[in-house]
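Chemist: Required output: the full structure, derived from the provided sequences and hints.
2 protein chains.
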Amino acid sequence: MPRRAAAPRPPPGEFELIERFTRALPLAGAGVRLGPGDDTALLAPPPGEDLAATVDAVVEGVHFDARFTAEDVGWKALAVNLSDLASMGARPLWALVALAFPRGTPPERLEGVARGLGACARAHRIAVVGGNVSRASELSVTVTAVGAVRRGRALLRSGARPGDLLVASGTFGDAALGLAPGAPAALVRRQRRPAPRLALGRALAGVARAAIDVSDGLVQDLGHLCDESGVAAVLDAAAVPTSAAYRRVARSLPDPLGPALGGGEDYELVAALPPARLARALRAAARARVPLAVIGRVERGSGVRILGADGAERPAPSGHDHLRAPRPL
Amino acid sequence: MPRRAAAPRPPPGEFELIERFTRALPLAGAGVRLGPGDDTALLAPPPGEDLAATVDAVVEGVHFDARFTAEDVGWKALAVNLSDLASMGARPLWALVALAFPRGTPPERLEGVARGLGACARAHRIAVVGGNVSRASELSVTVTAVGAVRRGRALLRSGARPGDLLVASGTFGDAALGLAPGAPAALVRRQRRPAPRLALGRALAGVARAAIDVSDGLVQDLGHLCDESGVAAVLDAAAVPTSAAYRRVARSLPDPLGPALGGGEDYELVAALPPARLARALRAAARARVPLAVIGRVERGSGVRILGADGAERPAPSGHDHLRAPRPL
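Order-wise, the sequence lines are chains A and B.
Numbers 1 to 329, taken from full-length UniProt numbering, label the letters of the first sequence in order.
Numbers 1 to 329, taken from full-length UniProt numbering, label the letters of the second sequence in order.
Everything labelled a hint here was simulated from the structure, so no lab data went into it.
Treat the hints loosely; a few may be bogus.
Short, incomplete list of chain B residues facing chain A, as computed with Cβ under 10 Å [unchecked claim]: (1) Leu27; (2) Pro47; (3) Glu49; (4) Asp50; (5) Ala53; (6) Val62; (7) His63; (8) Ser87; (9) Arg135; (10) Glu138; (11) Asp216.
Yeah, the Cβ is synthetic: ideal placement off N, Cα and C, and Gly gets one too.
Modeler: Next comes the structure, spelled out in structure tokens:
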């Protein structure tokens with residue numbers, strides 16, 4: 001008797017894992033005509049809006065290590081992408097998730113990643129509409145996120161003009177200090193569960209002229225904004241907001257402002273706007289329940305000058321390179 | 001003198017590599033308002049159409065090995081995604097590319113990947129609108145591809161009905177045999193430079209009732225189509241088209257039809273359609289310059305029955321699992 005081909009069962013592994021992974025994710029949402037399971041998702045884009053699309057990966061040993069729970073990894077993989085949507089002033093819609101992991105990875109670990117990713121997706125009302133699984137040497141999660149923004153209202157990096165004020169959300173340096181052994185829980189949480197500033201980004205669209213999210217470090221990302229806008233920035237180091245937990249840890253560092261200026265992964269927003277719009281921006285931030293501080297100004301020229309508390313120029317901190325493993329502090 | 005912060009130059013590594021990588025890619029195209037370089041791309045979706053979105057990864061040691069050139073890797077990473085768009089009947093628009101590679105990867109290898117990817121993108125008029133680079137233990141390329149399809153015309157897996165004919169494009173088993181040592185160049189090319197059946201997919205939209213692209217193997221993928229449609233398939237093994245190069249190699253195998261039925265990565269399309277539409281489908285395929293063969297029929301029930309040349313049932317070949325390294329032949 002031939003082995004009946006009537007049941008060409010999917011090999012275990014792949015399809016079962018996909019099933020277990022997707023169970024923890026929100027698969028339906030606005031504009032989702034067809035979610036995961038076919039050759040592609042089918043999506044109805046909102047009429048009259050542009051789409052904002054970005055891709056980012058988190059890789060074991062590079063962006064996270066054994067101190068991260070699986071849930072942290074899943075949360076962060078999506079959150080860093082939503083931060084890019086936030087900095088454009090876009091509202092998030094859909095994500096696609098490519099998961100890679102070594103043979104023998106416990107299914108529970110992958111389910112943990114899915115739970116963290118699902119929690120972040122639900123918190124921001126985004127549907128996971130597609131995905132892929134593959135073997136690899138280490139765990140990684142590559143997320144493509146798509147959002148929508150009213151045509152002509154996106155916050156580009158290139159819109160800053162001399163005379164603009166620079167404003168920044170939240171606090172800086174927490175995520176970098178959250179990597180240090182024995183760091184306070186509040187700082188660890190900033191490192192592992194970043195909160196994308198989506199409400200603020202949308203509130204600033206139409207108010208600010210330019211924005212960027214701070215993934216690589218405040219000075220470095222402000223430098224990108226200056227480069228794209230063809231302007232210079234003067235950063236008032238003493239005005240850069242820090243948290244109480246940050247200040248308690250950082251006061252023993254040789255450069256107590258170093259992590260705030262140079263540490264990456266805070267996923268705060270920095271925006272440039274004309275002084276006449278500051279009051280509107282502050283009201284918008286209050287509605288979004290996010291603190292907003294003036295941290296400097298835009299001038300003619302190029303590059304970022306940093307003024308210390310004494311008003312004198314101070315040196316730049318070192319930056320953050322996603323091609324390198326997290327630097328030890 | 002403080003080190004002047006005026007030039008917080010991006011660390012070498014990351015930004016220079018991105019620059020070198022993107023130079024080989026088509027970055028502009030239909031609907032691209034803003035390509036790579038800002039926090040997200042900005043894209044204008046075509047009015048009145050749905051978007052088709054998919055993500056797929058190729059990983060060193062899993063989907064390719066040292067016999068692949070860097071150009072092959074880049075080509076295949078995009079082509080496998082375009083095949084998913086093809087099977088939905090969508091026309092390709094945009095891609096986002098997440099590249100991961102080990103420290104010390106020669107920049108020339110990454111440029112080779114970009115050239116292969118760029119060649120495939122140009123061949124199919126798709127713009128690369130965003131990307132990401134990261135360290136990892138092995139080279140991998142994760143591509144998200146987005147296309148457009150007229151609302152209600154997408155070719156789902158779930159539309160097949162009892163009485164439909166099953167048609168298949170091109171030839172089967174070539175890519176699997178292309179992995180064998182000393183394989184003829186024509187078969188090697190099928191493995192390393194798959195040609196997504198985009199023109200055929202679009203031509204079949206509105207003609208066929210269901211379609212799938214064959215990445216995991218004909219019997220296995222036909223099984224997915226049957227599962228999603230709630231039907232059974234009878235596959236006429238002798239009608240499955242094979243190439244002359246395939247037949248020369250396969251005649252010495254214990255099961256000469258094994259790779260054609262079970263080998264993955266041919267990226268041909270299989271579609272189900274009512275017999276009355278066969279002539280239209282054949283004309284559509286002729287316009288797309290792709291051979292189309294009737295390989296079986298859809299019945300009530302579930303699963304795939306395979307009939308051998310003698311009309312008797314034959315056993316199923318083994319499938320293909322993307323979580324496993326390419327099986328030796």
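Chemist: Does each hint fit the structure? Answer for all of them.
Modeler: Verification of the supplied hints:
no., hint, verdict
1, Leu27, "violated (13 Å)"
2, Pro47, "holds (7 Å)"
3, Glu49, "holds (8 Å)"
4, Asp50, "holds (5 Å)"
5, Ala53, "holds (5 Å)"
6, Val62, "holds (5 Å)"
7, His63, "holds (7 Å)"
8, Ser87, "holds (4 Å)"
9, Arg135, "holds (5 Å)"
10, Glu138, "holds (6 Å)"
11, Asp216, "holds (8 Å)"
Consistency note: the structure conflicts with earlier hint 1 alone.
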